Amino acid sequence: MRLFTRKLGDKAGLPPGSVVHVGDASDEEVRITVLDYNADTYTETEVTDLSKLELAKASDTVTWVNVSGIHDTATIKEFGDRFEIHPLALEDIVNTAQRPKVEEFDDYLFIVLKMFYPSGDGASVLSEQVSLILGSSFVISFQEVEGDIFDPVRERIRKGKGQMRRRGADYLAYALIDGIVDGYFAVLEALGEQVEQTEAELLENPSTATMQTMHAMRREIILLRKSVWPLREIISTLQREELSLIQEGTLRYLRDVYDHTIQVIDTVESFRDIVSGMLDTYLTSMSNKMNEIMKVLTIIATIFIPLTFVAGIYGMNFEHMPELRWSWAYPLGFWIAILIVGSGMALYFRRKTWL
Amino acid sequence: MRLFTRKLGDKAGLPPGSVVHVGDASDEEVRITVLDYNADTYTETEVTDLSKLELAKASDTVTWVNVSGIHDTATIKEFGDRFEIHPLALEDIVNTAQRPKVEEFDDYLFIVLKMFYPSGDGASVLSEQVSLILGSSFVISFQEVEGDIFDPVRERIRKGKGQMRRRGADYLAYALIDGIVDGYFAVLEALGEQVEQTEAELLENPSTATMQTMHAMRREIILLRKSVWPLREIISTLQREELSLIQEGTLRYLRDVYDHTIQVIDTVESFRDIVSGMLDTYLTSMSNKMNEIMKVLTIIATIFIPLTFVAGIYGMNFEHMPELRWSWAYPLGFWIAILIVGSGMALYFRRKTWL
Amino acid sequence: MRLFTRKLGDKAGLPPGSVVHVGDASDEEVRITVLDYNADTYTETEVTDLSKLELAKASDTVTWVNVSGIHDTATIKEFGDRFEIHPLALEDIVNTAQRPKVEEFDDYLFIVLKMFYPSGDGASVLSEQVSLILGSSFVISFQEVEGDIFDPVRERIRKGKGQMRRRGADYLAYALIDGIVDGYFAVLEALGEQVEQTEAELLENPSTATMQTMHAMRREIILLRKSVWPLREIISTLQREELSLIQEGTLRYLRDVYDHTIQVIDTVESFRDIVSGMLDTYLTSMSNKMNEIMKVLTIIATIFIPLTFVAGIYGMNFEHMPELRWSWAYPLGFWIAILIVGSGMALYFRRKTWL
Amino acid sequence: MRLFTRKLGDKAGLPPGSVVHVGDASDEEVRITVLDYNADTYTETEVTDLSKLELAKASDTVTWVNVSGIHDTATIKEFGDRFEIHPLALEDIVNTAQRPKVEEFDDYLFIVLKMFYPSGDGASVLSEQVSLILGSSFVISFQEVEGDIFDPVRERIRKGKGQMRRRGADYLAYALIDGIVDGYFAVLEALGEQVEQTEAELLENPSTATMQTMHAMRREIILLRKSVWPLREIISTLQREELSLIQEGTLRYLRDVYDHTIQVIDTVESFRDIVSGMLDTYLTSMSNKMNEIMKVLTIIATIFIPLTFVAGIYGMNFEHMPELRWSWAYPLGFWIAILIVGSGMALYFRRKTWL
Amino acid sequence: MRLFTRKLGDKAGLPPGSVVHVGDASDEEVRITVLDYNADTYTETEVTDLSKLELAKASDTVTWVNVSGIHDTATIKEFGDRFEIHPLALEDIVNTAQRPKVEEFDDYLFIVLKMFYPSGDGASVLSEQVSLILGSSFVISFQEVEGDIFDPVRERIRKGKGQMRRRGADYLAYALIDGIVDGYFAVLEALGEQVEQTEAELLENPSTATMQTMHAMRREIILLRKSVWPLREIISTLQREELSLIQEGTLRYLRDVYDHTIQVIDTVESFRDIVSGMLDTYLTSMSNKMNEIMKVLTIIATIFIPLTFVAGIYGMNFEHMPELRWSWAYPLGFWIAILIVGSGMALYFRRKTWL
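Chains A, B, C, D and E, in that order, are what the protein sequence lines are. Just so you know, my numbering puts 300 at position 212 of the first sequence, and the rest follows in order with no gaps. Just so you know, my numbering puts 132 at position 44 of the second sequence, and the rest follows in order with no gaps. Just so you know, my numbering puts 341 at position 253 of the third sequence, and the rest follows in order with no gaps. Just so you know, my numbering puts 305 at position 217 of the fourth sequence, and the rest follows in order with no gaps. Just so you know, my numbering puts 250 at position 162 of the fifth sequence, and the rest follows in order with no gaps.
Hints are computed from structural coordinates only; laboratory data are not their basis. Small disclaimer: the values here were computed from a predicted structure and weren't measured. One or more hints might be untrue.
Same chains, same names: a pair is fine if it fits in one copy or spans any two.
Using 30 Å as the maximum straight-line C-alpha spacing, the simulated BS3-like pairs for lysine-lysine come out as follows [what the hints assert, rightly or not]: (1) LYS165 to LYS189; (2) LYS189 to LYS314; (3) LYS140 to LYS165; (4) LYS165 to LYS314; (5) LYS247 to LYS140; (6) LYS165 to LYS247; (7) LYS377 to LYS440.
Input sequences plus hints: build the corresponding full structure.
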């Protein structure tokens, strides 16, 4: 995850509602797919010419238009003109640095969300911005790249599984949000495993790599929090306010996804506490290790440095050193002195519980 | 306690209300016991065939159905169909990663709780999910495994002790919640003793094991908090809202259990502060120890290294070293110099309060 | 102060309202004293037979019944039966692990408080639970052991000093609460002096004992906070709610004691911040000391180790070492080399500001 | 600033409203000055006999009575009796440990504030308690010692500068509060300079004194916070509530001083964050220094200890050491070995970026 | 960014509404430019004589007066007198230490904001105070120095781009605020890059400079927070309150800039968390490095000190040292002993995973 989307500053000075893409450049073609369904019928088409797309305000079918690829601002603008989407909403759709939010416009609700999924190799977490426009009988969704996160929803529509086909556009919007929140759990699971692994590593054999993993996890958690807290606000707004676009029957489902969001937040906060505790543990374990290293050095040095001094004395070349001539000086005197000093030191260290 | 229930991500993409078991696999048989009582009568049966179980909405007895074993989703589903439990509630019952919560449905209240108890050997804390469905004259409780936490309640019903038999289903639900909260105290007591023990250890003779215990306690506290805070919310909801299922007379009891919950939270938060303070103390005591070790090394090295140098000088083989020939050089000159240098150093260290 | 009152878990499974003593066992006799007074009269008796005690609901005197010793649950129960005290209140009176709280019953207010006082030797803080039952014309107070904290109030009643005798039972309750809050100030003063002493010690000559004192203070503060915050809630409840038992004129006095409570909280929080800052200072001062120790070692070792090496070279017994034979090698060559190396090192250390 | 005003506990047990001086003893005479003014006239007198002082409730002049010296409780009591000030207010006036607060009485507002000013030598911060009683046409102010903080206000009244003389007693009270808040800025400025100085010191050449300064600043900030937060509450109360004593036109001025208070709070909180960050930086810089010290020691020791060992070998007196006899052993063999080992070590350290 | 604007204390004692410049002295000439426009016409003039400037309350054009240079208090005062700006507002305009705020006056809104921009060399962040006065048909803006932050707005007016020319003074005020908030993003981007760079440095090769950069970033973040949080309050006030000066149609735009402010706050808070995490990581990495250094020292010392002692023994000059005479003592006995001791130590260190 990046800390901050670059080049946002380029927008400075432009009038509000300027549709300028902020995010990774992409060569991908914009793809627009349309799913039109009700309990009985179901059609799926791909649109290339926007002028042929119609979104009736009152309709007996629900229409889901999915746009993948938001770097093509021309198409987005055309979209906006055709379906009377407010320029400020368009601006937010193509600005991938947008904070998750919900906004009520006259005829529709505009929702910006962040999607998270593990990268291909599972080593890091990727994020993508998803915008939803919920009208009375349609949902328009905008994705950065074509992904498979909405596939289960699509599948449910195709197969007529669950209540999907019997319910309105608001339920479809709920299903999409639910799919995104489900994605958070996958990321949390991966993160949870990493936390547990790192914790085991930490208690057994901490290394510099452990520290770097902890740092990376901490950072990931900070960025996750930044997306998860506004998400809670969004769903809470959808539930609480008198939004005519949300039907009574969908409220319980929104409550369910709200509960999930709270659970995500709880888990992220727990992870945060745990990782911060791990850093403390790491620091103390480093101190412990250092103490052990220093004990070894001190014991060895404290025993041998005085002994070496004694040996040094009798290595001196003074002419008048009577001890040197005594017969038992070396075999008895010297070795006994050495033994006494050495074992005295050892006893001292044992009393200090260093040995 | 596990950090995160694995395999939750498997549910991603399923329609809401899918009854998928999330948690530890289990081979245990599902057991359904039914207790039917009022102030006068009392019957206890075990049910194997769900179709024979009846839960009259209006009844002059209170019926308590206890289901232990929620891994058998087929039975749970049958249960749901038979007693018209909302699919979203069923989904939560079998999802052991569910956050504690209360939800109001048309005819019943749905409550999810976490139960905590010390493991057999007392070394760690185990948790289990308990769900309650409170109707006008019945309570259905779902446990992960058959446990003895509800036994005191069962006993009170059997013996007709207290007010149990004279009161309605809401009082039974209260009694079950009260039993679960009592379990928290047992866990806190065990944790409290561990905290005190570790604290004593910390101040007397901290070791690497102390650090690991502190880390484990911290983690346990984090996970406890995650369950305790929503519990407070739940009981507060039960008390405050105009829930027709809760009778006036039960409110005071709910207030009592609410007080207990607050006390649990206070204690958990105190433990958290204390353990975090212990980590600081540990770190400082490590620093202290290190300082002491280094003092010993420094004192020894600082006294003997210069002395060894002096001895080294007179161990040199230069032909023209006049000192070597002086008669009193060694017995007087050398030893006096040594004594002066040595005691000078000792004085210096004493002035620095290192000795 | 103990971290957690043991044996609380023994209560698990008992029906609510079970009067079980939780706390320190005691052999002391229960003593019940009764003070009956109004502006004109005043009687003081000791009661041994509860059946003779009367508490008229409407009365022109205020009756204060003080019960010291709550371990005798039989007496407490008899009390409860006689004066129609709710079993849940009785349960809380004898449970010394109860959190401070206020609860409104039909005819009376039930208040649980914690009293703090320094231990005899002033080294630690003791706490005791005090419960009050405030009726229309009586106050019943329950203490763990007979103490002198209520003596000033008693004295004021006896002497008719202040407004005590002219006011009702609610004023008496206020006076008792005020006495308890005054006790907090005494504890805070003692703690404040200890904080200042430890701080001086910390900046002058920190030792392991300093660290242990800081740890103990931190723990004491954590436990104080746990009692003080609910106290604020209690007095705020007494003030704000429409409690018919509290007369208009007493409100200003409650506001006064509320201010005191806020002041206690402010002071406790300041102490907390200060002690946590002291720990940081201690850690940095340890680092400082270590740096100084290491500097001494490094300076000595870095100067003498190379010199010893040089001396070692000329102590070698090679037959062909021409230097050994030069006349001025030792008196000039060697000593000059030594001086240059030694003073070079000293200069280097001075440049590093280590000397 | 003292941590805690001593001897507060002496008040324990006294009835509420006892006028007992808590604070530093003082020999100073109490001085009472009276300023009486309106837009046209202006008189300034010093009062020695309280019985001659009159405070008309309705008056066409504003009367400002300033009392400096609150240790003389007799005078304060007489004051209270004469002008019908509530005993609880009197008690707070003479208790310098009182928390800042505002209280509404029947005919007047009672305000307690803390004043801060740098000590004479600028090294520390002194605080003083100021109490204000605001009536319909008078303000009574109580100071601990005679100070110059109200001089600018007095001057403005004398010179008729600004709106002072054209406005009522509430504006006078505002002007006094404004003067006190201005004093906070002076203290903050001094503190800010100290923070910047210490910061520079910290990054260039941190010493033990730096640490002690940081500790002192942290403590000062904690005590400042304790006074500033309640101040905000006070001014907010003066503004928001329907206080008949505050006129419409004064509200904007109160809002201005409220803004200043928020600014003081913001600045104090920033200082707190900065000082806490400085402590972290100090700790890391200590670690850095230690690492550098240890590197020097390790490099020297690691290079010379093995070399000394080699020299030691050839200083041995074994009879059969063939190397000793080889002609080139010393001039070539020994020195080349030494050079290889020495430069090998140096290279190793360079690779580790220690050199 | 400076911690605290100096010389604020000079204002102490002045009556409220004193127009005293607080901030950097400047020699720049005050420049007043006037832009008068509506959908059709557009005039741009520079004013030198204030008496010729007219601001009609009701007008069919919007007039934007920009004043750069607020150090010339005489001009500001003249301004105030002429256009009836409240003295308290004038005081705030020239006090660059003012906290961001919005205040409603009878005929206009007064807004104080902080502008941030990177310094010329990009190494630090500069801030400037901007005040806005929004009337029914005019906006007066005050800048400290002439800058280019409002140029894009000016350009849009000139070119008639966007809706600028078709909308009222409130939209102009919004556009100016929006421009200032856009400036925050530029600063955040620069900060974000610095954070990422420092993070990379930290994980690869931390140095003292890294620590100083972290300290500087932390400080910058603290000061940014101090400006950003009140900004949120301001825009929220503009939106929420019933301000007749803000038209319905502008509210959505204010909501947009509000969202941006929240995003700025979120990002600043994330940066704060990340930088604080970096400090922890730095400290642990220092500990790691120290451990490694100490390992090298300990290994070398522990292997060679005992060996040197052995060599020392056989360098002694005792006459009776039989070992010295054995033929194989040196070539075999000595070297084998050395090898055994040396490799024993090496094995020991390998078992401790130090090698």
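Going through the hints against the structure:
1. LYS165 to LYS189: within (21 Å within a copy, 37 Å between copies)
2. LYS189 to LYS314: Intra 12 Å, inter 25 Å, cutoff 30 Å: intra and inter.
3. LYS140 to LYS165: Intra 16 Å, inter 46 Å, cutoff 30 Å: intra-copy only.
4. LYS165 to LYS314: Only inside one copy: LYS165 and LYS314 sit 29 Å apart there, 38 Å across copies, limit 30 Å.
5. LYS247 to LYS140: Close inside one copy (27 Å), not across copies (35 Å); limit 30 Å.
6. LYS165 to LYS247: This pair counts as between: shortest inter-copy Cα distance 22 Å, intra-copy 34 Å.
7. LYS377 to LYS440: both (17 Å within a copy, 10 Å between copies)
In this structure, every one of the numbered hints holds.
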